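Chains as they are written, first to last, in the numbering used here: chain A, 76 to 589; chain B, 11 to 507; chain C, 778 to 1273.
Be aware that one or more of the hints could be misleading.
[Unchecked claim] With a Cα cut of at most 20 Å, we get these calculated PhoX-like pairs of lysine-lysine: (1) B:163 x B:174; (2) A:287 x C:1182; (3) A:468 x A:531; (4) C:1043 x C:821; (5) B:453 x C:1182; (6) A:287 x A:180.
Hints listed in this document are in silico derivations from the structure and should not be mistaken for laboratory results.
No experiment lies behind these values; they were computed from the predicted model shown.
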Amino acid sequence: MKNLPLISFLTFLPLVGAALVFGVDRERRQLARGITLAVNILALGVVALMWCTVNPSSGMLQFVERHAWIPTLGVEYHVGLDGLGLVMLMLAALVIPMAVLASEKVEENVPLYCGLFLFLQAGLFGAFTALNFFHWFLFWELSLIPAFFLIKLWGGPQRSGAALQFFVYTMVGSIALLLAFVGLFLATGTFDFTKLAELARTKALGPLVQAKFAWLGWGAGTAYTVLFIGALLGFAVKVPLWPFHTWLPLTYSEAPSPVSMALTGVMSKLGVYGFVRLLLPIFPEPMQALLTPLLWLAVATIVFSTFAALAQRDLKRILAYSSINHLGYCLLGVFAAVSATGTALDRTAALNGVVLQMFNHGITASLLFCFVAFLEDRSNGARGLDDFGGLRKVAPVFCGLMGLALFSSLGLPGLNGFIGEFLIFKGVFPLVPWAAVLALPGLLVTAIFILTVIQKVWCGPLNEKWARFADLTYNEGAVVFPATLLMFVLGVWPQFVIAVINPTVAHWVRQLPI
Amino acid sequence: MNAPDYFQLLSALAPEVIVVSTALLVLAVDLLGLQNRPRSFRMSIVAGLTALGCATAIGWMLLKSTVGAWPGGMFVIDPLNQTVKAVILLLTLFTALLSTEAKFTRHVGEYFALILLATVGMMFLASTENLLMVFASLELVSLALYVLVAFNKQSRASAEGAMKYFLFGGMSAAFLLYGFSLLYGLTGTTHVPQMAQKLLALGADPLGTVALVMVVIGFGFKLAAVPFHLWAPDAYEGAPLPSAALIASGSKVASVFVFAKVMLLGFNQPGQGSNAVAAGGWTLLLSIIAASSMVLGNLAAIRQSSVRRLIAYSAIAHAGYLLIGFLAQGGEAFTSLLFYVTTYALTTIGAFGVLGVVEAQIGGDQLKDFAGFSRRAPLLAGCLMVFLLSLAGIPPLAGFFGKFYLFAAALNNEPRSLPFLWLVVLGIAMSCVSLYYYLQVLKQAFVVEADANARPLTVPFLSHVVVVLLAAAVILLGCMPGWLLDTLHQAVDKLGW
Amino acid sequence: MLAWTIYLSFFGALACLLTPRANPRATRAVALGTALAGLFCGLKGALEFNPTNGLEVVAFAHWIPVLGIDYSLAADGISVTLVLLTGLAAVVGVLFSWNVEHRANEFFALFFALIGGVYGVFLSLDLFLLFVFYEIAIVPKYFLIAIWGSTRRDYAAMKLALYSFIGSGMVLIGMLAAYAVSGLSSFDLQALAQYSFTVDFQRWAFPLVFVGFAILAGMWPFHTWAPTGHSAAPTAASMLLAGVVMKLGAYGCLRVAMTLFPEGLKLWQHELAALAVTGIVYGALVALVQKDFKFVIGYSSVSHMGFVLLGLVTLNEIGWSGAVLQMFSHGIIAGLLFGVVGRMVYDRAHTRELDKLEGMGLVRALPFAAVTFVIAGFASMGMPGFSGFVAELQVLIGAWQAFPKLAILAGVGIVIGVVYTLKTTAKVFFPDKEAAESHDYHAHELEPISIPERVGAALLILSTVLIGLHPRLLLDLIVPSFKSPLFEGLRKVAGL
């Protein structure tokens, strides 16, 4: 089982599916959706298989495949899986079908739509398992293309501007990332993540970079830091980190809601994944050197986004800012993990929290956007806070389930949103107490705006417009119910995921040269 | 030296004698036998005889290769001279063949006789190394050509062109004679190689410089180099087609050859000895003339709407390129010059051939008369493209290789310091300019659509044959110049230059 | 085998010329046959080529011994790559010109004369021969644009011809000077490369020859012939011009200027790199504001060729191989772009103005064109998965090593490239309904994309994806070429 090229199979499966779906006639919507879902289920099955057969106690890479590709450039086809990758694959395998199922109301050119989702899934699978910069970057960029088209062709009134802004912003970050890794290649002769991490662990990477760029006349360690900043830019745009977040609200609100599900559920996690897989192992020293400014940025992300969410009147924008906020916690955890003071246990806690939060937030946020999609379907596109009121009376099930998701987002214990944040704070407090303290208001304000949403949309007097508001249908329930169940399960028994993550995280912490 | 053996002289002069006889024969046949026939018939017969005469002369030279020199260098036969004379005869032959459709005169016999007499003059020019003989032959050629230019009595342009040619020509002949007299005075001899030694011994002498300048003026006129070029556009435009063709081809070949002999053998190369002003100064003089010719010729050609004037100005420009060849070393100079001028002459005759058809059938030589030419006479249009692109210097045609060899030879003169690089740069730059106006003609021929009621042209078979032959020659000489190059090289080597 | 590419092209040109004017089908058949034969010879030659042997002699004959000129053809990995590109461009060019009716025989005759000249340049080892083939390519270009072109074709054709001729004039001067100074009495590139010219000589000779060739490669600021020329030319000519002929210039820079005068390159490295990067950024910026579809692509060509030139002057092997790969890649991509813009869209819509095209609902009327253009656009942007990414990556790596600040600027150029490509794609094929309806929107009935166009587009897309995913196919040919003795002087100067 370990020797089968499961990862490559998994990555190319959606591509094949996309090719099949693209060929389906425009009118045969159900067929297109059917093929897509079949492929998604197959992918989910493969991921589940991997989950079961992976050796949880080892933090090392498994299902590794390695082939020579472009030797002159130090490029190999190198893929592998560890706890983090597995969890991310599971997330991608879950969120995409959710998004597809939530797209019932899409009418135009459904085969293209579904094909693009499959293409996106392939890009995500590839990016989460790649271990050589060349094809990691390939998948990273490739995932942008379907996202661009999904926003451009099926989005809201300002979709052209939103799609263009999204693409260009991300590209700028990507170029910075590319240049940084080119610099690393020049210094070390390799694009391989594991090799680069090894060099960083033995503190050999810094001197190599320094030697390569010594002729520039910069001080010791500066070249290393410059490369770090370049790479940071690429991911900072994706997550996003304040102040590189300005593209997000427009994009999330203009994208069709199922696409927003994918964007917030998985694509933003690509950014955090980048921090954890690339930046942390390869640039630990610069990250430590710049720790204070980075922490400030993370705190700013957390706090400013919540206040911004508070001021919004559009549900999607509220959720968009809330997304930024939750991922801010992830970044806080990542940065804190390189702090000079602190025990390994704290770092492990923080990083565990980060990965867990990635997974949980992915599920929860997608679910929330799903609900917003259902709201929009019923209200003909209206999604302002003030458009609704007292819907609890006419759609109790809807209210209940959405409420659960909202509470999870808030961080209510018992639901999945709590554990991740808890672990992050548990780790961050001992490592960098001041940052933790400053981030606390974020939690508070989050509670405020989420409760506001519940109050404005569901509670209060019934808005007469919506007397005929339909409750959740069975189809919609089929999407929502399993996810909600998952939220509960993860909230009560997080060990299920932590068992997979923890060994990997502990391994990283041991590798940190601090 | 023994008493001159006149019989030997006559046999040495056989080619010239053949040509003169042909001239007389042509005159006789026309005046006596053909007066009442239609003009085209007369033209054909007479042209045919002319061609035959030239061919016979060439054949004689090929079969009977004699080598010798008359005392005083009056008349010299060596392989190089023979080659040049063969080329001149060939050019006259082609000119004759192309003139069979000409309609400008009733005096057919006289016309061709004059052509042949001019040819004889050119042949003498090619085979002499004595200043007196040079002058005499030059006068023979010039006088014949003046009349040939004026031959079209119905055209005012013809008379005007001839007048200008005559006045300029007379003046420059005077200069030439003054120069030669000074040289004789300075050196006591009219034999060119002996003159060289005496001049070198003399060192820097103001009279020598004056003589040099006068000689250059005299020859510069013949070549149509700036500033002695003012006759060329009008003469080319006004003259009847065959005359213009002859001036552009044969006369050029002969003048270049004799000019080269006088300069390179008489005034000797720089880099030898103390570089007396008389000896070394002429490189500067020629460079300036070359540069001005290239620049003026090309720039003026841009504005022309008459293709004949365009070719005239381009001839001025080509004179400039030719003068660069003088700056090369020894034997290389002769080889490169002769290669270039031969291919140039062949190309020009071809161009005039096409021009003749256009003038005869379409009625003018303006650019717009060429509109849609490729539709109306595809084969001729293709040949025209070959000729004009060769003149512009596009490989793999002869004109390109000629220029290339010329420039390479000039630069090879002083490889370490490349003193003439600026001239070569100028030459190449001006070639780029020339592409522009040649493309204008080709644009009319190939790109512009013909008038709706334009019919295909009826081209005489002979014109087709000659033009295609010339085009093929241009292409072959461009792709495989070895044949001509080797011939010239061997000839030059035998002379030990 | 490779030499037959040249001969077959010229024979094909003659054969096309002789087919009767009234029978374009015969002409097309002959043309397609010739192009396929050329591609076949190129492929066979490529497969038989052994990269470890360095330079392989293909044909040799003494030509003009007096000047030391030989008819000498040789191939190394770089030549083979570019011969393959030419073969592909020829075939696709013929396919995209399937609809030429007016004077078809002359069109294809000129087309193949041009192709023959291009093959010749890529295979010549004798400098004189290289120059001859280089110049042979000039005249067909003029007539192709002047007779079958569109907007301002007279002006564009003359500008192109004169710029090319001036560029080659500059090269001629350098060539003659090198011949005279070296005293070798030979034009063999290997012999001249091994001769060490003085640094003072190289100081002026190198920029002269390099810029002379670079004019044809569209180096800023001598690039102005390119946008006008490409827009005015008929589709096949644009494809050839942007796809292959501009590469002639870059190839000349590499094969002649850099091998003969390596010290000169070292002296002028930074200035030339600055010019290259200016071209990248300037081309991209100007493409951003164009209102004519073809001009966008024309300026994008200038921008992409900037990458080639940047790669050449980096003085390291990665940059050089990136430059050669970019030559191949951009050739394919430019072919695709011009194929869509010229053949698929312009020939049917009869307009190239972006505003007018916006209102034509092209994505409905010509879905194949839309898909092809999207793919071509992403390839042009340098998206991974297409050949452009690998090439630009290598150039960036090389540039990073040599001039980091300029490398960052080049990165900026890539971003601008993304913007204008997306903007144009969006405007023409995916306009907002509101924007589209504000113009005269009529769902045009346009004739569907024909089979030859589809085949041509498919060939090109396949090539770029194949090389994008498996660049070793070409890199294995290109990289060993730089180890041959021809590049020894260059390697010494680069410190390799």
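How the hints compare with the structure:
Pair hint residue 163 of chain B plus residue 174 of chain B holds up; C-alpha atoms about 16 Å apart against a cutoff of 20 Å. For the hint linking residue 287 of chain A to residue 1182 of chain C, the alpha-carbon distance of about 15 Å falls within 20 Å, and the restraint holds. The suggested pairing of residue 468 of chain A with residue 531 of chain A holds, with an alpha-carbon distance near 13 Å, which does not exceed 20 Å. The suggested pairing of residue 1043 of chain C with residue 821 of chain C is violated, with an alpha-carbon distance near 37 Å, which exceeds 20 Å.
For the proposed pair residue 453 of chain B and residue 1182 of chain C, the alpha carbon gap of about 47 Å is over 20 Å, so the pair is violated. For the hint pairing residue 287 of chain A with residue 180 of chain A, the CA-to-CA distance comes to about 56 Å; that exceeds 20 Å, so the pair is violated.
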